[in-house]
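Asker: Start from chain A and add chain B according to the hints.
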Amino acid sequence: MASREEIMSKVETLIGPFNNKGVALKDATTFAGDLEWDSLTVMDFVAAVEDEFDIIITMNMQAEIETVGQLADAVAKLMDN
Amino acid sequence: MTDLLSKFDPLIQERETLLATGVKDPYALVMEEVKSPTIAVCNGKETILLGTYNYMGMTFDDDVMEAGLTALKDFGSGTTGSRLLNGTYSPHKDCEEALKEFYDMDHAMVFSTGYQANLGIISTLAGKGDYVILDIDSHASIYDGCAMGNAEIVAFRHNDVEALEKRLKRLPAEAGKLVVLEGVYSMLGDVAPLKEMIRVCKENGAMTLVDEAHSMGFIGDNGRGVCEDQGVIDDVDFVIGTFSKSVGTVGGFCVSNHPKFEIMRLVCRPYVFTASLPPSVMATASTSIRKLMHSGNKRAHLWENSKKLHKGLRDLGFEIGTPEAQSAIIAVIMPDLERGAMMWQALLAEGLYVNLARPPATPANMTLLRCSLCAEHTSEQVDQILGMFEAAGKAVGAI
Numbered sequence: 001m002a003s004r005e006e007i008m009s010k011v012e013t014l015i016g017p018f019n020n021k022g023v024a025l026k027d028a029t030t031f032a033g034d035l036e037w038d039s040l041t042v043m044d045f046v047a048a049v050e051d052e053f054d055i056i057i058t059m060n061m062q063a064e065i066e067t068v069g070q071l072a073d074a075v076a077k078l079m080d081n
Numbered sequence: 001m002t003d004l005l006s007k008f009d010p011l012i013q014e015r016e017t018l019l020a021t022g023v024k025d026p027y028a029l030v031m032e033e034v035k036s037p038t039i040a041v042c043n044g045k046e047t048i049l050l051g052t053y054n055y056m057g058m059t060f061d062d063d064v065m066e067a068g069l070t071a072l073k074d075f076g077s078g079t080t081g082s083r084l085l086n087g088t089y090s091p092h093k094d095c096e097e098a099l100k101e102f103y104d105m106d107h108a109m110v111f112s113t114g115y116q117a118n119l120g121i122i123s124t125l126a127g128k129g130d131y132v133i134l135d136i137d138s139h140a141s142i143y144d145g146c147a148m149g150n151a152e153i154v155a156f157r158h159n160d161v162e163a164l165e166k167r168l169k170r171l172p173a174e175a176g177k178l179v180v181l182e183g184v185y186s187m188l189g190d191v192a193p194l195k196e197m198i199r200v201c202k203e204n205g206a207m208t209l210v211d212e213a214h215s216m217g218f219i220g221d222n223g224r225g226v227c228e229d230q231g232v233i234d235d236v237d238f239v240i241g242t243f244s245k246s247v248g249t250v251g252g253f254c255v256s257n258h259p260k261f262e263i264m265r266l267v268c269r270p271y272v273f274t275a276s277l278p279p280s281v282m283a284t285a286s287t288s289i290r291k292l293m294h295s296g297n298k299r300a301h302l303w304e305n306s307k308k309l310h311k312g313l314r315d316l317g318f319e320i321g322t323p324e325a326q327s328a329i330i331a332v333i334m335p336d337l338e339r340g341a342m343m344w345q346a347l348l349a350e351g352l353y354v355n356l357a358r359p360p361a362t363p364a365n366m367t368l369l370r371c372s373l374c375a376e377h378t379s380e381q382v383d384q385i386l387g388m389f390e391a392a393g394k395a396v397g398a399i
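First to last, the protein sequences are chains A and B. Residue 1 is where the first sequence starts when you use the numbering used here, and the numbers rise one by one after that. Residue 1 is where the second sequence starts when you use the numbering used here, and the numbers rise one by one after that.
Hints are not guaranteed to be accurate.
[Said to hold, decoys possible] List time: in silico DSSO-like cross-link candidates among lysine-lysine, alpha-carbon distance up to 27 Å:
#1 B:166 with A:10
#2 B:169 with A:10
#3 B:394 with B:45
#4 A:77 with B:166
#5 B:73 with B:35
#6 B:35 with B:7
#7 B:45 with B:24
#8 A:77 with B:128
#9 B:394 with B:308
#10 B:128 with B:202
#11 B:291 with B:307
#12 B:169 with A:77
[What the hints assert, rightly or not] Counterexamples of contact, computed for chain A against chain B with all Cβ distances above 10 Å:
#13 12
#14 13
#15 18
#16 22
#17 28
#18 36
#19 66
#20 70
#21 80
[Claimed, not checked] Here are the computed distance ranges between Cβ atoms for each label pair:
#22 B:395 with A:13: 41 to 51 Å
#23 B:395 with A:12: 47 to 57 Å
#24 A:12 with B:272: 43 to 53 Å
#25 A:12 with B:104: 48 to 58 Å
#26 B:8 with A:32: 14 to 24 Å
#27 B:314 with A:39: 42 to 52 Å
#28 B:1 with A:24: 34 to 44 Å
#29 B:66 with A:32: 50 to 60 Å
#30 A:38 with B:1: 28 to 38 Å
#31 B:78 with A:28: 48 to 58 Å
Keep in mind the hints are simulated off the structure, nothing from the lab. Using N, Cα and C, we set each Cβ at its ideal position, and we do this for glycine too.
Next comes chain A alone, as it looks inside the complex (with noise of 0.2 Å):
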């Protein structure tokens, strides 16, 4: 399975497209402060992760993910189960 860094640097490659604002991305990164997404591209962006991974991730978890790293973790954490 995916170590921790290869999940982050897929993650990283899947902001890409997204981060319009060129904002360099750490573990700390929030979705909303700091990449200044709004709620439809964060649901396009979570799509793309889940098709990625091959996971769901639910809204109920959505609300608990503020970061980059969590939400490498949340990842690694579906990937596992």
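Answerer: This is chain B only, laid out in the frame that chain A set:
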């Protein structure tokens, strides 16, 4: 002390900025007099109504009004109780019978509003460990039904069969799944590909609920909605609807052929813990529903109106939410809220009322002038409406 209302400051600011430009508040319109399903008096001016959900024009139907008056005299003004206790009168049972006849289904349950029907059915059906899979553009009542329950919520891209299928396949095979769809999506007036979606749901072991609020009475040979029109009504587990659109009064319902459906009356909190509708409302609803079963000519005229308005607006140069008329909702896309509000006001000054719809109600942050037609609009009125759009559109530079 933290002022709990301070969280709304950005919205207060936005409204003040908009109103400062001189436009009227689009959310404070009063109808001083209502002359018919298509004409009201607003600000002292006779106004054509093109933004109601009175699709079949039943609000002033003689038989409907007569039935309401009789029930008001016979049963009084209200029930003062829950359907489960003292709030079920014979008009409530008769209204559920009318729904069973209309949909040709075994069970019908009437709620006090359509909002409560979605709230109650979705939150009760899908519990902890179950999944609700919904279209991202679902109505607020569907999202609120999800928020009220304890299920896991999965959203998919609007009307995207492949996105739905992919998500269904990723969910645990043994988990309970409810897919919630709408026949007509009310913001753009577009129709769902229910035939393909219901097939995908069945293949993946999901139960299905279709909200037919904006299609009842109009779409399908018998007016049963988009699932009838696409030939899948027998494959849908639950149909949700409302009395506040084509039926012309207020109330909501769920119909189903599920053999265990009646238990919902005991376990569905938005059904149990609220007062039932007044008997006069039930009598108007059942009379209207039975008349809608035989309204083929009105349905045909409403289609003519919708197609004519769609083509006319497009020919004038307006951008419309759908490539052709798919329902009685024709949504004109405006470039932004300010110009949308200006156009809305210019139309009102011409004597035309439409809905101004804005985020978060709209998809993709769009500002829309939503036109909804009525079977009682005459062809001449549609011509008049197009003339008003042309004048207002030129006045504010929208075309």
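Asker: Look at each hint and say if it fits the structure.
Answerer: Each hint, compared with the structure:
Only pairs whose Cα atoms come within 27 Å are accepted, and residue 166 (chain B) paired with residue 10 (chain A) is accepted, the gap being roughly 20 Å. The suggested pairing of residue 169 (chain B) with residue 10 (chain A) holds, with an alpha-carbon distance near 23 Å, which does not exceed 27 Å. Of the pairs offered as hints, the one joining residue 394 (chain B) and residue 45 (chain B) holds, with about 22 Å between alpha carbons and a cut-off of 27 Å not exceeded. Simply put, residue 77 (chain A) and residue 166 (chain B) have alpha-carbon atoms about 20 Å apart, close enough for the 27 Å limit, and the pair holds.
With a C-alpha separation of about 24 Å, the suggested pairing of residue 73 (chain B) with residue 35 (chain B) holds against the 27 Å cut-off. The suggested pairing of residue 35 (chain B) with residue 7 (chain B) is violated, with an alpha-carbon distance near 41 Å, which exceeds 27 Å. Taking the CA atoms of residue 45 (chain B) and residue 24 (chain B), the gap is about 15 Å. The hint holds against a cut of 27 Å. Straight-line distance between C-alpha atoms of residue 77 (chain A) and residue 128 (chain B) comes to about 20 Å, which keeps the hinted pair within the 27 Å bound.
Restraint check: the Cα-Cα separation between residue 394 (chain B) and residue 308 (chain B) comes to about 20 Å, which is no more than 27 Å; the hinted pair holds. This hinted pair checks out: residue 128 (chain B) and residue 202 (chain B) have alpha carbons roughly 22 Å apart, not beyond 27 Å. Using a Cα cut-off of 27 Å, the hinted pair residue 291 (chain B) and residue 307 (chain B) holds, with the two alpha carbons roughly 24 Å apart. Distance hint between residue 169 (chain B) and residue 77 (chain A) is fulfilled; the C-alpha atoms sit about 19 Å from each other, no more than 27 Å.
Separation of residue 12 (chain A) from chain B is adequate, the least Cβ-Cβ distance of about 23 Å exceeding the 10 Å criterion. No Cβ of chain B approaches the Cβ of residue 13 (chain A) within 10 Å, the least distance being about 20 Å, so the stated non-interface status holds. In this structure residue 18 (chain A) is separated from chain B by more than 10 Å, as the shortest Cβ-Cβ distance comes to about 15 Å. Against the 10 Å criterion, residue 22 (chain A) stays outside the reach of chain B, whose nearest CB is about 22 Å from its own CB.
Look at residue 28 (chain A): its CB is around 25 Å from the nearest CB on chain B, clear of 10 Å, so calling it non-interface holds up. For residue 36 (chain A), the condition that its CB be more than 10 Å from all CB atoms of chain B holds, with the nearest at approximately 14 Å. For residue 66 (chain A), the shortest C-beta to C-beta distance to chain B comes to about 18 Å, beyond the 10 Å cut-off, and the non-interface label holds. No beta-carbon of chain B comes within 10 Å of the beta-carbon of residue 70 (chain A); the shortest separation is about 18 Å.
No Cβ of chain B comes within 10 Å of the Cβ of residue 80 (chain A); the nearest lies about 15 Å off, and the non-interface call holds. Distance hint for residue 395 (chain B) and residue 13 (chain A): a CB-CB separation of about 49 Å, consistent with the stated range 41 to 51 Å. Under the hint 47 to 57 Å, the C-beta atoms of residue 395 (chain B) and residue 12 (chain A), about 50 Å apart, fit the expected range. One distance hint, 43 to 53 Å for the beta-carbon pair residue 12 (chain A) and residue 272 (chain B), holds here, with the actual separation near 50 Å.
A beta carbon spacing of about 55 Å between residue 12 (chain A) and residue 104 (chain B) agrees with the range 48 to 58 Å that was offered as a hint. Our hint of 14 to 24 Å for residue 8 (chain B) and residue 32 (chain A) holds, since their Cβ atoms are close to 18 Å apart. Hint check: residue 314 (chain B) to residue 39 (chain A), Cβ distance near 30 Å, so the stated range 42 to 52 Å is violated. Range check, residue 1 (chain B) to residue 24 (chain A): about 40 Å between beta-carbon atoms, so the 34 to 44 Å window is met.
Remark: the range hint 50 to 60 Å for residue 66 (chain B) to residue 32 (chain A) is upheld by a beta-carbon distance near 56 Å. Checked against the hint of 28 to 38 Å, the C-beta distance between residue 38 (chain A) and residue 1 (chain B) comes to roughly 31 Å, which is consistent with it. The hinted window of 48 to 58 Å between residue 78 (chain B) and residue 28 (chain A) holds, with their beta carbons roughly 57 Å apart.
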